[in-house]
Amino acid sequence: MSPVLKKKPEKKKIPGKYLLLIVTVLCLGLMLVTFTTNISDSFLNSSVGVVVIPFQKGIVNVSSKLFDYAEKQKTIEELQAENERLKAEVDSLTSENTLLMQDYYELTSLRQLYDLDQTYSDYEKVGARIIASDSSSWFNSFIIDKGEDDGIKPDMNIISGAGLVGIVTETGKNWSRVNTIINDNANVSATVLHTGDNLIAAGSIELIEQGVIAYSGLYDQDGNVKEGDKVVTSNISSKYLPGILIGYIDTIEIDSNNMTKSGLITPVVDFEHLEEVLVIKELKKTPES
Amino acid sequence: MKIKKWIISIASVLLFFSLQTAAFRVFPIGRSVPELLLIITVSYGLMRGEQDGILTGFFCGLLFDVFFMDILGFYALLYAFIGFVCGAANDLFRKDDIKLPLISILLSELFFCLCRFFFLNVLLGNFNFRFFARDILLPETAFTMLVSIGAYPLLLIVEERIVNRQFIKKKEEGEGITDAL
Numbered sequence: 000m001s002p003v004l005k006k007k008p009e010k011k012k013i014p015g016k017y018l019l020l021i022v023t024v025l026c027l028g029l030m031l032v033t034f035t036t037n038i039s040d041s042f043l044n045s046s047v048g049v050v051v052i053p054f055q056k057g058i059v060n061v062s063s064k065l066f067d068y069a070e071k072q073k074t075i076e077e078l079q080a081e082n083e084r085l086k087a088e089v090d091s092l093t094s095e096n097t098l099l100m101q102d103y104y105e106l107t108s109l110r111q112l113y114d115l116d117q118t119y120s121d122y123e124k125v126g127a128r129i130i131a132s133d134s135s136s137w138f139n140s141f142i143i144d145k146g147e148d149d150g151i152k153p154d155m156n157i158i159s160g161a162g163l164v165g166i167v168t169e170t171g172k173n174w175s176r177v178n179t180i181i182n183d184n185a186n187v188s189a190t191v192l193h194t195g196d197n198l199i200a201a202g203s204i205e206l207i208e209q210g211v212i213a214y215s216g217l218y219d220q221d222g223n224v225k226e227g228d229k230v231v232t233s234n235i236s237s238k239y240l241p242g243i244l245i246g247y248i249d250t251i252e253i254d255s256n257n258m259t260k261s262g263l264i265t266p267v268v269d270f271e272h273l274e275e276v277l278v279i280k281e282l283k284k285t286p287e288s
Numbered sequence: 000m001k002i003k004k005w006i007i008s009i010a011s012v013l014l015f016f017s018l019q020t021a022a023f024r025v026f027p028i029g030r031s032v033p034e035l036l037l038i039i040t041v042s043y044g045l046m047r048g049e050q051d052g053i054l055t056g057f058f059c060g061l062l063f064d065v066f067f068m069d070i071l072g073f074y075a076l077l078y079a080f081i082g083f084v085c086g087a088a089n090d091l092f093r094k095d096d097i098k099l100p101l102i103s104i105l106l107s108e109l110f111f112c113l114c115r116f117f118f119l120n121v122l123l124g125n126f127n128f129r130f131f132a133r134d135i136l137l138p139e140t141a142f143t144m145l146v147s148i149g150a151y152p153l154l155l156i157v158e159e160r161i162v163n164r165q166f167i168k169k170k171e172e173g174e175g176i177t178d179a180l
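Residue numbers (numbering that gives the first Met the number 0), protein chains in the order written: chain A, 0 to 288; chain B, 0 to 180.
Hints listed in this document are in silico derivations from the structure and should not be mistaken for laboratory results. Heads up, the beta-carbon is just placed ideally off N, CA and C, and yes, glycines get one too. Each hint should be verified, as a subset may be incorrect.
Claimed, not checked - Calculated lysine-lysine pairs in the BS3-like style (CA-CA distance at most 25 Å, straight line):
#, chain 1, residue 1, chain 2, residue 2
1, B, K1, A, K56
2, A, K16, B, K4
3, A, K172, A, K145
4, A, K225, A, K283
5, A, K152, A, K16
6, A, K238, A, K172
What the hints assert, rightly or not - According to the in silico footprint, chain B covers these stretches of chain A (three or more CB under 8 Å from chain B):
#, stretch
7, 16-26
8, 45-53
9, 153-161
Required output: the full structure, derived from the provided sequences and hints.
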């Protein structure tokens, strides 16, 4: 009796090893197809996005509400102390602001003189919320809640208030994936602002913990570049718009070839606490495009 | 019965994926996030058998690939393989035994991390195993184990109460048959 009982349910199912074989072949095929051809998996991207993104948005909302609630539980003393501090900060900022405004007027008039009215403050930007991050602790990339429907295209630059965050690598209907500049595979062609020397800034997973990115190939024979110098994206970069602040030079070391220098850059963006970013809706103009 | 099972599976996978990618961003331990998708793959493999383990793993991995990988299929294959191996241990599974699931999750997590280290790092020329072990493998494994102590019983309860009411009974019958043979 028991063999009969046992046989019945097994009849319908494909044995595990054959199913594994099918799945393996399917996966290898998928890998090969997506690797060799450049067909973006747009069908999957949009269909999966429609189902998953609302889920993620909901969870982000709930978790940030919980977070806000925890924040509210701060004691009154703490808030009072913070208030004092902030008032002082407001005062200093106001005075700083007036100074900056003067500079700004001067700058605009000078810019008009030079006909150079395009800095990155003029680019059309759209705000987006981070709704998921690469969960596997490597902090490779994150997902934002704007996609093709909002006019986002691959290679658009992502900034966050202070400076460069990364670049859009893939878009779905209502989501896009952003590759950050601190990622292992990220390389940005950059310039030291005050000397105009070019360098290559490259992320590395080992440096993420320290919150820095590495740079190399800085050709600076006279030693004009100092620690603390601003590093911005360069004019010759193929994907990044020029003049976006990346960070400040942290260390400088002379390479063994005695020609170039390398070291570390401290990015201005706080990658650990990113929540909202801005997408610059202008693509770098290159000869091919 | 079958439709119920599928709905529960899909909803759990979506929920776990969303939790893994979205909510833990707010409360991270170090940079690590527990591998919830691994927990669900291992649990379904153990509770339901090879076929379900493979399918659950495949879809979990594919979801991850679509969102975070440039090529599709890498995580899908890895998760499907883990689901298959855990499904093969389905015969050893007992409802009241939490040791087997936890050990399975631990071994799967280690295997999973090493695979990622080999395919995503070593092949790209990054050989720093010590960094990898200290900063990624250890915290992630610890976090995953911690979460699985809570998440696994939850999955088991859902499986028992909603998906398969004869779950316990069936298991006992299955035991009887294997004993008889």
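Now for the hints, and whether the structure bears them out:
Straight-line distance between C-alpha atoms of B:K1 and A:K56 comes to about 29 Å, which puts the hinted pair past the 25 Å bound. The suggested pairing of A:K16 with B:K4 holds, with an alpha-carbon distance near 22 Å, which does not exceed 25 Å. A threshold of 25 Å between alpha carbons decides the hint, and for A:K172 with A:K145 the separation of about 8 Å falls inside it, so the pair holds. Simply put, A:K225 and A:K283 have alpha-carbon atoms about 29 Å apart, too far for the 25 Å limit, and the pair is violated.
With a C-alpha separation of about 42 Å, the suggested pairing of A:K152 with A:K16 is violated against the 25 Å cut-off. Distance restraint check for A:K238 and A:K172: the Cα-Cα separation of roughly 22 Å lies within the 25 Å cut-off, and the hinted pair is therefore satisfied. Residue count for the stretch 16-26 of chain A with a Cβ under 8 Å from a Cβ of chain B: 7. That meets the three needed, and the coverage hint holds. Judged by the Cβ-Cβ criterion of 8 Å, the stretch 45-53 of chain A is covered by chain B as claimed, because 3 of its residues qualify and three suffice.
Three residues within the 8 Å Cβ limit are the bar, and the stretch 153-161 of chain A against chain B gives 0, so the coverage statement is violated.
Taken one by one, the earlier hints fail for this structure at numbers 1, 4, 5 and 9, listed in ascending order.
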